[in-house]
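Novice: This is what each chain is made of:
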Amino acid sequence: MMNTSATKDTSRETVFDVDAEKLAGVYAQAALDAAGDKEDEVLDELQTIVSEVLDTHPDMEEVFGSALVSIDEKVEMLDRLFGSRVSTTTLSFLKVLTKHDRLGVLRQVVRVAGQLWERRCNRVPVQLETAIELDDALHAEVVDSLRGTLGVEPVVTTTINPDLIAGFVVRVGDKVYDASTRASLERSRQSMIMHAVEAIQSSPEQFLERSDAE
Amino acid sequence: MKFKSDEISSVIQKEIEQFASHIDVREVGRVLEVGDGIAQVYGLSDVMAGEMVEFASGVNGLAFNLEENSVGVIILGDYLNINEGEEVRSTGKLLSVPVGDELLGRVVDPLGNPLDGKGPIVTNQRRDVETIATGVAERQPVCEPLQTGIKAVDAMTPVGRGQRELIIGDRKTGKTAIAIDAIINQRESGVKCFYVAVGQKESTIAGVVEKLREAGAMDYTTVIVSAASDPAPMQYIAPYSGTAMAEEYMFNGGHALVVYDDLSKQAVAYRELSLLMRRPPGREAFPGDVFYCHSRLLERSSKLSDELGGGSITSLPIIETLEGEVSAYIPTNVISITDGQIYLQPDLFFAGIKPAMNAGISVSRVGGAAQIKAMKKVAGGLRLDLAAFRELEAFAQLGTELDPATQARLDRGYRMVELLKQGQYKPLNVIDQVLVIFAGTRGFLDSVPVDKVQDWEEKFLTFMLDQKSEVRSELADKKDLTDDLVEKITACIEEFGTQYEGAEEPEPAATA
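From first to last, the protein sequence lines stand for chains F and P.
Using my numbering, you'd call the opening residue of the first sequence number 18 and step up by one each time.
Using my numbering, you'd call the opening residue of the second sequence number -2 and step up by one each time.
Read the hints as simulated data drawn from the structure, not as lab findings.
All values reported here derive from a predicted model rather than from experimental measurement.
Backbone N, C-alpha and C define an ideal beta-carbon position, used for all residues, glycine too.
Don't take every hint at face value.
[To be verified] To give a feel for the contact side, a few chain P residues facing chain F, derived at Cβ under 10 Å: (1) I9; (2) R23; (3) E64.
[To be verified] Pulled a few chain F residues facing chain P out of the computed Cβ check, cut under 7 Å: (4) V35; (5) G121; (6) D191; (7) D195; (8) S205; (9) Q207; (10) A213; (11) V214.
Make the full structure from the sequences, and use the hints.
Specialist: In structure tokens form, the structure reads like this:
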């Protein structure tokens, strides 16, 4: 699982190599910093390379990651491929990656750079889970209130989960705000058990009646 | 008595009325990989080391390794139901177990869940499994004896309340038997007992529970079970949860005895966890902090100061050695942590000397403070005498002619060894122990043939109980050997000697 994720990135968030992710973060930050004012432009070019080159030509990705192709050959290949098509910053960044023998993690770098860019633009990905489908007005209201409480621009992805019964669950990064009926019911179940046990312990006699009194 | 269900429903009704809805905020992560009782979790950025986490399937875990990009979690429960990608939430709580009188007589797992099919344990008292041991100011030196009921132990390596006495020896040398006898002997002392079984066969544990039940010891004993088939995390935490249950009594002024059977298996479980978590291995592949694993556990056994109620936890950790190798890693560690050790030797065991305690290298660093005065007086030089006898015995086997003084010492030694033999599940009252050891060390047994010593002992104790109970109760009251009492006991022994027909046909002392 770990090995394949180093070369093939998938959308599942649990399938990735934590070390490659860390590495990608360093390069992503450097790429955005080097781009200066043209961050969005560079990012756009990088994302295009991933979608147009890596996704359509899987062999290319193997070449990029392969140790059999020498660094010099890879640099020449990059010149021929992207020389006149992308900005100099993007090309230099690709060459730096190559010289450090990290062209294989390009896909992760681009994804992390995208996340980093969102964060710099004060945009935060938010997963919203609801029990029923929200109409547009309600959805806008939820987004508005999220914007108010979080103080950032939420990028909302919505999923429907009837198991929640009612209410909603919002996930921002590692934090989950659960306002669903499912959670409330579970919480009240726990406290009922706890208080019943407490009551039985503190005064057991109130739960028992003498058989001779019957 | 009948159960009133309407009362229960009124409690629940009150609960519903008071229920207020509020948003539940939690910290979550996702399972990256899971297996062998551990999980790697991505996320949980604010989780703390040792914090309890909850998997979506309801199983609990402990944050064990905090790494740069992920969290290593040990899973306390069935890890086969946990899937990759599952949500994990931090609870902000530490692992705790139920404590209190409800647990007495029960067989539970290391999380306090009952295993004996006797219904749920109804209590809301809980205690943290991992706590920091009390400091110097909160303690006092060990001063009260904890009678194990075993002559050899109580006379030569006495155990005091709050002491940690290691029982060490090869497999099948009677380590567990000593601990079980010590538990059985607490019937009248009011000491609550906790038997923590780690990494043992379930059939062996069932046997121990049955023996305790037969002896009536389950009334004041809790058995904490993490068998060989349980995952390593359970075996690792079992001793800590047993101690947490015992601490409930200690901090309320009571006394508790904890038996850890055995800590070498716990160390192996901890090694397994650490290696799976990719912690670097050290000597014998154990992680570097395996010493801390045992020291923080055994430091929790203590005798509290009088201001804190004077409660105590006595612990009897057990360590199994391989081929008598006491200088292996775990045995040396635990020997250095404990206040003494009872060393059991296979060759003594096979020679029929049970308990097979080697008097020479068994020690108790608390010593006389943990003995009643009478025992201190009769057993003072016993340990050294026996050790000297063992040396002399080896020498005598060369077959050389011995002078009468040496022969006399040898004869006394054979009789003392015979006297210190004791059957399993037959703990002896300390007063009886004083009486027989008095007879042995003062030479009253020299005229009794070696093979009759045990018979003599049995009949003598019956004689003292039936015919000389006033002397016996005087000793029990004073717990000291005054000159007057010494005379009375001597007179009793002499009187019994005339009755005992075994002494009438003196045989030449048997030399091995």
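Novice: None of the hints should be skipped; say for each whether it holds.
Specialist: Hint check results:
1. I9: Because about 5 Å separates I9 (chain P) from the closest Cβ in chain F, which is inside the 10 Å limit, the hint holds.
2. R23: 5 Å, holds
3. E64: This interface hint holds because 8 Å falls under the 10 Å limit.
4. V35: Holds: closest Cβ of chain P sits about 4 Å from V35 (chain F), inside 7 Å.
5. G121: Since chain P brings no Cβ nearer than about 19 Å to G121 (chain F), farther than 7 Å, the hint is violated.
6. D191: Nearest chain P Cβ about 5 Å off; hint holds.
7. D195: 4 Å, holds
8. S205: 5 Å, holds
9. Q207: Interface hint status for Q207 (chain F): violated (10 Å vs cutoff 7 Å).
10. A213: Holds - the Cβ of A213 (chain F) comes within 7 Å of chain P, reaching about 5 Å at its closest.
11. V214: 5 Å, holds
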